[in-house]
Amino acid sequence: MVYIALIAEFLKIGLFSVGGGLATLPFLYRLTDRYDWFTREMLVDMIAISESTPGPIGINMATYAGHSAGGVAGGVLATLAIIAPSVAIALIITKILDKFRENRYVKRAFYGIRPAVTALIATVAIGIMKITMLDIPAYEKTGAIADIFSYRQIALFFAVSCLMRKYKLHPVFYIGGAAAAGAILGL
Amino acid sequence: MRELFEVYSVFFRIGALTFGGGYTMLPLLQAEIARSRKWVGEEDIIDYYAISQSLPGIVAVNNAMLIGYRRRASAGLLAAALGVVTPSVVIILIIAAFIKNFLHIGAVAHAFNGIRVAVAALIVGTAIDMGRKCLSDYRCIAIFLASLLMFALPEISPIEISPIVPVVAGAAVGVALKRRSGS
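Line by line, the protein sequences give chains A and B. Take the first sequence: its letters are residues 1 to 187, numbered as in the numbering used here. Take the second sequence: its letters are residues 1 to 183, numbered as in the numbering used here.
Everything labelled a hint here was simulated from the structure, so no lab data went into it. Mixed in with the good hints there might be a few duds.
Said to hold, decoys possible - Output of the computed footprint for chain A on chain B, the stretches with three or more beta carbons under 8 Å from beta carbons of chain A:
no., region
1, 2–15
2, 33–46
3, 61–74
4, 89–96
5, 114–122
6, 130–136
7, 163–175
These numbers come from a predicted model, not from an experiment. For every residue, glycine included, the Cβ atom is placed at its ideal position computed from N, Cα and C.
Build out the structure end to end from the sequences listed, making use of the hints.
See below:
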């Protein structure tokens, strides 16, 4: 029963992903090892679509991933499951809001959580670079190390990275630009 | 009931107009919640945002819930949470249902190959920005490296560690470290 596993996994993600934005990404990335709900390549597409459509990115990703696993019902259930732990915590915490924020243990915990989450995102970043910029099948076919690199993709990566550093535009502009580049260059 | 529906519809609108992460909601919240409706003050919005980041889950949803609670207690909290996620669910379900029909078209497939490269650049950029804050602190770097090793382990070995482990371990180490240094 895919729905039960889906709800259980997204409850966990809702409870343990801290730090907003892409914090759910390492969890979704790890799901690709354990279930055949979606592949890592599909996950990259989900990120692009979630960044380019309205709504909080974490919710968009949950709906999308849930839909890949179990259709419309899967999308709705995954979204409800990912917010359920927050709802429960928020219901409790609103009564002691100011105390929670000033609590020194909460502050200390975050001192340790931030670098841990950074490491998770960094690992996913390396995985996505591998997917997008290395051509492992070509390398396996020819055995030539030069064939492992997708040179045009690598060039586009550096172009996009430089533009991102220089102009702090919304991600949707870079995604749109890269889509145009991909179509024109026939990547 | 009318007030609850208003909470739901205001956050529905905010969900539909927010692109990306939780911080992109801030200007909208300032305008819709603080200035035009005066449910909370503008400085409260900043406080709620800070707290939302320290709670597990999606920051934008946490933020909506805290404000919804101020307006109509627990019922307001639920209305705000459902309101802010509804546009996402509708839009993404529509896109997800149709995109498969387009992905096999040559130009679309090429475009998505380009898009994936942009996503790689985005995530690498995010990781660098997050990591930069950590660079001057060796304890922070140690936690980073230990977490990296833990999470990357399944790539090279059959041992699989959930991302939960580094997050919880990081929190525990954070609490323990600061106590010893007395800061």
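Outcome of the hint check:
1. Taking a C-beta to C-beta cut-off of 8 Å, the region 2–15 of chain B contributes 1 residues in contact with chain A, too few for the three needed, and the coverage statement is violated.
2. Note: the region 33–46 of chain B has 0 residues with beta-carbon separation from chain A under 8 Å; the three-residue rule is not met and the coverage is violated.
3. Proximity of the region 61–74 of chain B to chain A, defined as three or more residues with a beta carbon under 8 Å from a beta carbon of that chain, is established by the 6 residues found.
4. Against chain A, the region 89–96 of chain B contributes 6 residues with a C-beta closer than 8 Å to a partner C-beta. That satisfies the three-residue criterion, and the hint holds.
5. Under the rule that three or more residues need a Cβ within less than 8 Å of chain A, the assignment of the region 114–122 of chain B holds, with 9 such residues.
6. Coverage of the region 130–136 of chain B by chain A holds. Counting CB-CB distances below 8 Å, 4 residues qualify, and the rule asks for three or more.
7. Counting residues of the region 163–175 of chain B whose beta carbon lies closer than 8 Å to any beta carbon of chain A gives 12, which reaches the threshold of three, so the coverage claim holds.
In this structure, the hints that do not hold are numbers 1 and 2, in rising order.
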